[in-house]
Amino acid sequence: MKKIVNDPADVVADALRGLAAAHPGLLRVTEDPAVVARADAPVRGKVAVVSGGGSGHEPLHTGFVGPGMLDAACPGAVFTSPTPDQVQAAVSQVDGGAGILLVVKNYTGDVLNFETAAELLAADGVDVRTVVIDDDVAVQDSLYTAGRRGVGGTVPLEKIVGAAAEAGADLDTCERLAGTVIANTRSMGMALTAPTVPHVGEPSFTLAGDEMEVGIGIHGEPGRRRAALADANGIVTALLDPILSDLPFTEGDRVLLFTNSMGGTPLLELYLAHGIAERRLAERGIAVERRLVGPFITSLEMQGMSLTMLRLDDELLRWWDAPVHTPALRWGL
Amino acid sequence: MKKIVNDPADVVADALRGLAAAHPGLLRVTEDPAVVARADAPVRGKVAVVSGGGSGHEPLHTGFVGPGMLDAACPGAVFTSPTPDQVQAAVSQVDGGAGILLVVKNYTGDVLNFETAAELLAADGVDVRTVVIDDDVAVQDSLYTAGRRGVGGTVPLEKIVGAAAEAGADLDTCERLAGTVIANTRSMGMALTAPTVPHVGEPSFTLAGDEMEVGIGIHGEPGRRRAALADANGIVTALLDPILSDLPFTEGDRVLLFTNSMGGTPLLELYLAHGIAERRLAERGIAVERRLVGPFITSLEMQGMSLTMLRLDDELLRWWDAPVHTPALRWGL
Amino acid sequence: MPCDAAAVAAAIRAAAAVITTHRDELVRLDQAIGDADHGENLERGFGFVVSSLDGEVPDNPGAVLKLVATTLISKVGGAAGPLYGTAFLRAATALGDAPVLTPESVAAALRAAVGGVVARGKAEVGDKTMVDALTPAADAAEQTAAVAGELAEVLRAAADAAEAGAESTVPLIARKGRASYLGERSVGHLDPGARSSALLLRSFADSAAGA
Amino acid sequence: MPCDAAAVAAAIRAAAAVITTHRDELVRLDQAIGDADHGENLERGFGFVVSSLDGEVPDNPGAVLKLVATTLISKVGGAAGPLYGTAFLRAATALGDAPVLTPESVAAALRAAVGGVVARGKAEVGDKTMVDALTPAADAAEQTAAVAGELAEVLRAAADAAEAGAESTVPLIARKGRASYLGERSVGHLDPGARSSALLLRSFADSAAGA
Ligand SMILES: Nc1ncnc2c1ncn2[C@@H]1O[C@H](COP(=O)(O)OP(=O)(O)O)[C@@H](O)[C@H]1O
Ligand SMILES: Nc1ncnc2c1ncn2[C@@H]1O[C@H](COP(=O)(O)OP(=O)(O)O)[C@@H](O)[C@H]1O
Ligand SMILES: [Mg+2]
Ligand SMILES: [Mg+2]
Ligand SMILES: [Mg+2]
Ligand SMILES: [Mg+2]
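Protein chains in written order, with our numbering: chain F, 1 to 333; chain D, 1 to 333; chain B, 1 to 211; chain Z, 1 to 211.
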C-alpha cells in the first residue's frame, strides 16, 4: 500500500494530531471521542453549526472549522460516519446557548448516528435541529432507495449557514437558510481511479485504462455506471447535463459553480475542466457569479472531479461572501 | 492515460482559460505568450515580483499571483521552463517603474531562459534583478553539477518578497530579503508514485509496490535513490534529517515548517506526516512558529510529499504574516 | 448448564473472535457494493465490546446485551453501528432482567432485535440488507422454540435461516443503504450486513451448543 | 547545386521532420534521466520554425539560421530552447551574409555553435550533454574541410562524429543539466540532447548529400 501512514488503525488519530499542530489558535482538537472545534468555542449567544462524517474527505469537514463556518466537526473512521458520542461531545464543547444546527450528508450511517445524537441532546434540553443534504443527481430519488447522497453541496451549505450563524442569525433562520441551499444545490461526480482505504490496503475498485466511473460517490463505492473514458469535454458534459436538467437550472439563473477535485486530480486538469464548464454555462445564459475550484470534498487519492451548482439569490450571495477563517477556506479575515 | 484533458498539446492554454474564468477581478490572463498577471497591474511605484516555470506544479506559480505575492507568473509547457518572450511580456504588463525582481528556481532551463530575458530587459533600460532559489538538500552542491534544485522554498520566498514589495520595499531591499530567505531555506521531497505528463501519456517512472523514491524533484525525474517503502515515521525522518543537518538547524531556531503534498497524497496523510515532523522538531528544541500544510508545489498527480524549513527572524515573520490575496494563499484580505 | 450472564458474555467474546476471523471477507463484500469498511467497523466495535466486558460483566443476560448495544452505538459509527446497536438494545429490553435465557426468551429477543433494525433503517425483506438474514432467523427461532425447546436448537435454526437469508441477497437489487446507490450493479453480490448477521447467529448457536 | 538560403531552409524543414519522427524516442531518453520533455520541446520548437519559414525565407543562409535561432529561443523554453537557440544564433553570426555555404564556413559555423552552447551551459566534454556530440562534430568538420572540400562530406563527418559522441555519453555520470540530479543513476543512459544533436547533424548531412 502506497501511503504515508504508520499503523492504519491509528490513521485518523494521527492525522488529527497533525491538524492540531498545524492550526494552533484556530482549532482545538480533542481525542476520544474525536472532535475538532474552533479554538474560541463556545461563542456565547451564537447558533453552533456542527457537522461531521467519515474521514478521508479532507478538507471536509475538519478543514472547515473556524469563524464564519463550522463550530465543530466530528471525524469518523475513514469513510465511516462518526458516532453519536462524538456529536454529543462536539455539541457540549460549542453550545453557545442559541441552539445547534447539525449538518448531515444523506447516508444511512450518518443520518442514523446524527439522529441518535440529536435525540439524546434533545432529551438533555438542547435545542438541536438537523438538516440533511442530498445534492447528488447521480442517485435517483425514490421511495425505494436510501435517497440521494450528500456530496459537494455540503461545502457551500456549511459556508453559507456558518456565515449566517456567525453574524447572529437565530436557529430558525439558519435552518431555513440550510433548506434554501439544499433546495437549490445539485452535484455530480466521476472517477478515473479508485481510492485506497488504509485499513483495506488495496484500491476500492479497479478500472481499466480506458474506463471511468460516472456518478461516483466519495467513499470509493462504484458509480452509477462505468463508461468509456472521455476527454475533458465529454467528462464535463457527463456531469453538467444531469445537474442542469435536474433542478432545472435555466437561462438567467445566477449560480455558484464549484469544480471539485476528488483528491488525486491535478489542479491543472481541474482548472481546465472548470473553464469548459464556465463556457457551457455562458452558452446557456446562466451567470456564474461565484466559483470555487480545488480539492474540497475528496475521496482520499481518487482521481476524478465533481461539479456542484448552487442557484444564488442576494441572501445566499451575501453569506457566501462573508468573511471566513478556516484551514481550507479563508477570506476577509 | 487517465487525465481530464482534451488535446494534450493544448493542456496549458486550456487550463489558463479555466484559471482566468475562476478568478476574474484577481487575475488577468493573456495567451501567446502565456502570462498570468494580477488584475490591477501595473501598480505604480511598486517593485514587481515575477516568477514562472514549467506547468504541472500548480498552484505554483500562477496560483500565487495577486496582491501581496507575485505580480505575474509565466507558465511554461508542462515541466518546461517558460521562454524569454513570456518573461518580457509579463514584465511589460506589470512594470510599475520601481524595478523588477525575477524569482527563478535553479534548473538549467529556467536559469537560461530568465537570464536571457533579464539581459534583453536590461538592454531596454529596465532595472531587473534575478534571484535563484536552490533549496533542495537532496542534490549535493558541487562545481560539477547544475547545483541544487529549487523546490518547496519557492513558496515562502515568493510570499515574503511579495509582501515586502507590496508594502513598498525598494528593489535592493527585495533582492536582499530574497537572499536571506534562500540562505535560510532547505527542502527535501519523496515520491510514492510517478506523475504522468499529458504529452507522454504514461508514468514518468515505475516503482514497485514496496519502493519509494527519496530525494525527488518536481518534474517526474527519478530521485537520488530508490528505497524500501517506509512508514510515515520513516518517511519524515528520511526528509527531515538531511534538512536539519544541512543548514544546520539547531536548538533555539525559530522556523516555518511547510509540509507539502506532491499532488496525489491525501490531506489526511499529509497532516499525519506534519504532526510527526512537528514532534521531531519539538524534541530538538526547534520552535515551529508558522506552518503551511497542503499541496502548494506539486508534480501533477504524483503521490509523495516534501518538507521545507525556513529559519525565521522577526523581519521574515512579519512579511510571512502580511496580507495576501491569491488563488492559493489568502489571509488578511 | 444454564445460559446466564457469564455464558452470554462468553458467547459475545466468541462472536468477536469470529468477526475478527471474517474481517477481511466482510471488507471485501462491502468493497464490492459499498465502501469497504463493514469488516473493519465490526472488528473495531467488537474489540471495544470485549474491552467493556473485561471491565465488568453485568449480572444478567439482558444487561450484557445492553452493554454490547451501548458500546456498538458509541464506538462503531456507519450504518452498522446504530443498526446492530439498536438490535442488541431491543433484545436486551426484551430479555429484561431474567437471570438466564430460555428458548422462548431468545426467540422473543431476536424478534425484538429485527424490529429495532427495521424501525431504524426502514428496510423490508428483499431490500438486500441485514434484514434479509435477521427476519427469517427470527421466524425460524420462534417456530423452533414453539416445537422443540432446546436453546441451542433455536439458535441453530436461526443461524441456518440467517445463512439462507444472506445467500438470498445475492440476486437482489439493493434498495437501502450504500449499495442502493449502485442500482442494478448491486445484483450478484452478497450483502455484507446480511453476511455478518449470519456469522453472528452461527457463532451464538455454536456457543449455545458447546455450553 | 550551391547551398543557398532556399537549400538551408529545405534542410531545416527536413530536420524538423526528423525530429517529429524521433519525438517519442527523445521523450523516452529524457524520461529515463530527465523530465520526459526533450522530444516534445524540440518538436514544438521546430514546428514553430517551419511556420516561420512558411512566412518568409530570408535571403541568405545566415539569416535562415538566425530565424531558426530566434524562434527556438522564443518558443521552446527548457534547457534545449536557449542552448539550441544560441547554437543557431552563433552559427548564423559566423556565416554572416554570405549567399551560400562553403565547407569552411560550415565548419566555422559549427565551431561557433559549440562555443555558444558551452558559453551558455558551461558544460565540458564528458559532462553527458549535447556538448559530447557537438564538440567532436565540430572537430571532424574542421578536419574534413581542411583535407576534402565537399560540403556533404564535411557534414557527414560531423554527423558520424556526433553519433559516436552521443553513444559515448552512455557510461558517463551526468554533471550538467537535469540528469546531474541523478548522480550515479544517470550511468547507462544515452543523453537525449546528445542524441538530438546527432539526429540534426545527420539530417543536415543527408540534405547536403541529396542536394
Ligand atoms: N437501512 C438499512 N436497514 C437495514 N440494514 C441496513 C440499512 N442500511 C445499511 N444496512 C446494512 O448495513 C450494512 C453496511 O454496514 P457498514 O458497511 O458497516 O456501514 P456503511 O454503509 O455506513 O459503510 C449493509 O450491508 C446492510 O446490511
Ligand atoms: N548545461 C548544459 N550544457 C549543455 N547541454 C545541456 C546543459 N543542460 C542540459 N543540456 C542538454 O539539454 C538536454 C535536455 O533538454 P530538455 O529536456 O529539452 O530541457 P530540460 O532539461 O529543461 O527539460 C540534455 O539532454 C542535455 O543534452
Ligand atoms: Mg462506511
Ligand atoms: Mg523540462
Ligand atoms: Mg460500509
Ligand atoms: Mg527535459
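Just so you know, not all the hints are guaranteed correct.
Claimed, not checked - Simulated crosslink set (SDA-like; lysine to any residue; CA at most 25 Å straight-line):
1. B:Lys66 with B:Arg23
2. B:Lys66 with B:Thr102
3. F:Lys2 with Z:Ala98
4. B:Lys66 with F:Arg226
5. F:Lys2 with B:Thr102
6. F:Lys2 with D:Gly201
7. B:Lys66 with F:Lys2
8. Z:Lys66 with Z:Ala98
Keep in mind the hints are simulated off the structure, nothing from the lab.
Please list, smallest to largest, the hint numbers that this structure does not respect.
The structure breaks hints 3, 4, 5 and 7; every other hint is satisfied.
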